[in-house]
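One letter stands for each residue in the lines below.
Number of protein chains: 2
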Amino acid sequence: MAYVTWKLETLERFCSDVFEAFGFDKQDSGRISDVLLTADLYGIESHGMQRMVRYHKGIEKGQIHRDAKPEIVFETPVSAVIDGHSGRGQLVSAFAMEKAIEKAKACGIGIVSVRESNHYGIAGYYAQMASKEGLIGFSCTNSEAIMVPTSGRKAMIGSNPIAVAVPADPYPFLFDASTTVVTRGKLEMYNKMGKPLPDGWALDENGNPSNEAPRVLANIVGKNGGGIMPLGGSTETLGSHKGYGGGMVAELFSSILSQGVTSNECCTFPDKTGICHGFAAIDPAAFGDAEAIKEHFSAYLEALRESPRAEGAEHIYTHGEKEVFAEKDRRENGIPVNDGTMVELLDLCSYLKLDFAEYFPGYEPPAEFSGFAGNY
Amino acid sequence: MAYVTWKLETLERFCSDVFEAFGFDKQDSGRISDVLLTADLYGIESHGMQRMVRYHKGIEKGQIHRDAKPEIVFETPVSAVIDGHSGRGQLVSAFAMEKAIEKAKACGIGIVSVRESNHYGIAGYYAQMASKEGLIGFSCTNSEAIMVPTSGRKAMIGSNPIAVAVPADPYPFLFDASTTVVTRGKLEMYNKMGKPLPDGWALDENGNPSNEAPRVLANIVGKNGGGIMPLGGSTETLGSHKGYGGGMVAELFSSILSQGVTSNECCTFPDKTGICHGFAAIDPAAFGDAEAIKEHFSAYLEALRESPRAEGAEHIYTHGEKEVFAEKDRRENGIPVNDGTMVELLDLCSYLKLDFAEYFPGYEPPAEFSGFAGNY
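One line per chain: the protein sequences are A and B, in this order. First residue of the first sequence? That's 51 in this note's numbering, and the numbers climb one at a time after it. First residue of the second sequence? That's 51 in this note's numbering, and the numbers climb one at a time after it.
By construction, these hints were calculated from the structure, which means they are not laboratory data. Don't take every hint at face value.
Heads up, the list lumps identical chains together, so a pair's fine if it works in one copy or across two of them.
[Said to hold, decoys possible] Taking lysine to aspartate or glutamate and the EDC-like style, the derived pairs with C-alpha atoms no more than 20 Å apart in a straight line are:
no. : residue 1 : residue 2
1   : K273      : D254
2   : K242      : D389
3   : K155      : E125
4   : K155      : D379
Keep in mind that this is a model prediction, so the values were computed, not measured.
Taking the hints into account, I'd like the entire structure generated from these sequences.
Here it is, written out as C-alpha cells:
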C-alpha cells in the first residue's frame, strides 16, 4: 500500500472541518481532531485518521449521539461516575479526564469511571492530559469483545488497553498497550498482506491456535467464536492468565465501577455501543517533593536506556520514547497517509460537500482504488 | 521430590514458634506465619514455608532488621509514604495496607508507597486485606532485578508482581501475577528436574533466548547478564514491551513514589535489600451502591466461567478461583511440604533449639538428604 505525505496543519484543518460539517462545534471538532492526529503523529496509524470512516458510520447508525452531553451521575471529592449518553468518545473522555485532574489537584487523587460512551481513540492521549500538568495519568477502556479468556473459545473481553503517563526528563513516560497480545488491526494488516499470522496471536472457532488471518477475521465479524489471545498467549506456560487478568483490571475501572456494559455485550445494541472508560490522576506531590520524584524516575529511565543491549539490538527504549521520535519527525516532515484512507477521505468529502482538492491538491487515487470510491 | 502432608494447625504453631524464637512478638509472629501459610494454602509453594530459610539468612546477614518499626514519613488524607527501616516485609506491608484501608474508609481512596522494606511474600495477601473489608485492594512490589528489558541483556527490573483483589460472589476476584513471564522459582524447578526451559522464558548472558536452566541460573546468581523475559517474551511480536511496561508500573508505585531503591539496585547492599512496595485501597461506595457494583461484577465473572470452553479444556477459571479450591482442599486434607523444605525446617529447629519431633513426630528425612542437614 502506497503512502502520500501531508503537513500536520493540512490534516488539522481538514479533520476539524469534517467534524464541524458533521455538526460538532469548533472546540469539540478541535478536540476530536487532536486525539486522532496525536495517534498519527505517534505513528499509531490504526487509531488515527483512518478511523474517521468508522466514526462516520457510528453517527449514521445512531450509535454515536452527536449532541449528547456527558453527565456526572455520582461524585465524591476523589471520584465520579459519568454517563456519556453515547456521545463522541473523545469528548466524553476529555471531560472525564479533566474532572479526574481537577480532583487530583484538589485532593491528590481523582478516579473517574465512565459508562455509555464510544470508541475514544488512543488510551494514552488522556493519560497524557494529566502528565502534561505534572500529574500521573491513567486511562483504560473496554471495547467490543475480542480477547478469548484462558481455556475459552469465545471472545468475552475487549482489547482493553491500559495507559499510564508519568512526567519525566528528557521525555515523559507513556505506557499504552492493549491487554491482548495484539489488536485486531494487526490481524487485518496480515490479512491484507496475505501473510500467515505469527504463532501466539489468534484462536480459531474451537479455541485452538490459528495462523489463518482470513478465517479468524471472518469468525470475529460473524461472532462464530475464536479471537485474539490475551498477552501471554493461550496457555499458562507463557502467562495467558496474566494478560486475561490485565484485561479484567481495565474492565473493573471502566464497566464495573460505572455499572456500565461489560465487553461481552459492548457493540451488540442498535442505538449505542455501551463502551466504558476509566481515568485516574495522581499528584506526585501527595507523596513528597514532586520535582525530586520526577528526577528519581528520570534517572531510572536513563539507566534502563543505557543498560547493556542484547546482541544485535540497537536501542533499549523506555515507554513513550518511540512516540517522541515519531512526533518530532512527523512535525518536521509530514504525516504519511495511505491510499486506502485517502480514498475514504475523498468519499467523506463528497458526502459532506467539502472540497477535497482544497485540502489535498493534485491527489489522484491509484487505479486499483477505482472500485472503492463511494463504497466504504 | 517427595511430599509429606501436615495439618494447617501444626504448621501454624510451628511457624509462629519459629518467629517467636527469632525474637518477634506473638502478634508479629502470627502475621508473618499467616502470610507464609496463606501462600501454602493457595498452592503457591514457592512463597510459603520454603521461604523460611531465606528469611533466616536475611536476619543473620543483617538485611532484615528484626526490631525496626515502620515510620510514616509523608502523609495526606489520601496518601502516605512509609519508611520500613528494613524491617520484616510482612510486618511493614501489613502496617502500610492497614493505613491505605483506613484512608479509603475515610476518603474513598488510599494509596501508600513504601521504601526500605524486605521481601513481603505473596502480593495478593495485602490486596485481600482490603477485599475482606469490602474494598478493592492493590499491592505491588519491586525486587532484585531479574527481568531483562526489551532489547536488553542485563536484568534491570524485578519480577515486580501486581495484585488486585475485588469483592465478588461466590468468591472474590484475586489477580496476583509477576510481570515477568515466570518467576525465578519456575526456573529452579526445571533445573531440579533436569528439563530444558520452555521457549519464551529466559535469556542468556548475551540477551539471546536460552533453554538452559543451569546456565541462566548461574548467570543470575553471578550477575553475568541475562535473566527472565518480561510477560510477552523478548521481542515486540508477542508483546515484550507490555510486560516490561507492567513491571515499570509496579516500580512507579513502589520505588518511585517513595523515592526508594529501584530494582536495578535492590539487594546490592550489605545491610539492607532496599525492596519497595505499593498499596492502594478503593471503596466501591465512592462510585455508587457497593452492593450493586459487586453484583454487576459477580455476574460478569459468572459469564466468563460459563462461556464456551476451548476444545479439550475442562474449566474456564476466573482469577482467585484456583486459590479458593486449593484452600478448601488443604484446610480439609492438610498441606503438602516437600522433603527439601522439611530438612531445612529440621536445621532451623536445631539452630533455634526447638524440638522438631514435637511438631513433626516420626518424620525422618530420606537418605538422599543426609548431606544437606546443617548445610542450608
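Hints versus structure:
1. K273 <-> D254: within (11 Å within a copy, 42 Å between copies)
2. K242 <-> D389: For K242 and D389, only the intra-copy Cα distance (13 Å) is at most 20 Å; the inter-copy one is 57 Å.
3. K155 <-> E125: Both: 16 Å inside a chain and 16 Å across chains, each within 20 Å.
4. K155 <-> D379: Neither. Shortest intra-copy (34 Å) and inter-copy (49 Å) distances fail the 20 Å Cα cut-off.
Hint 4 alone, counting from the list given before, is not met by this structure.
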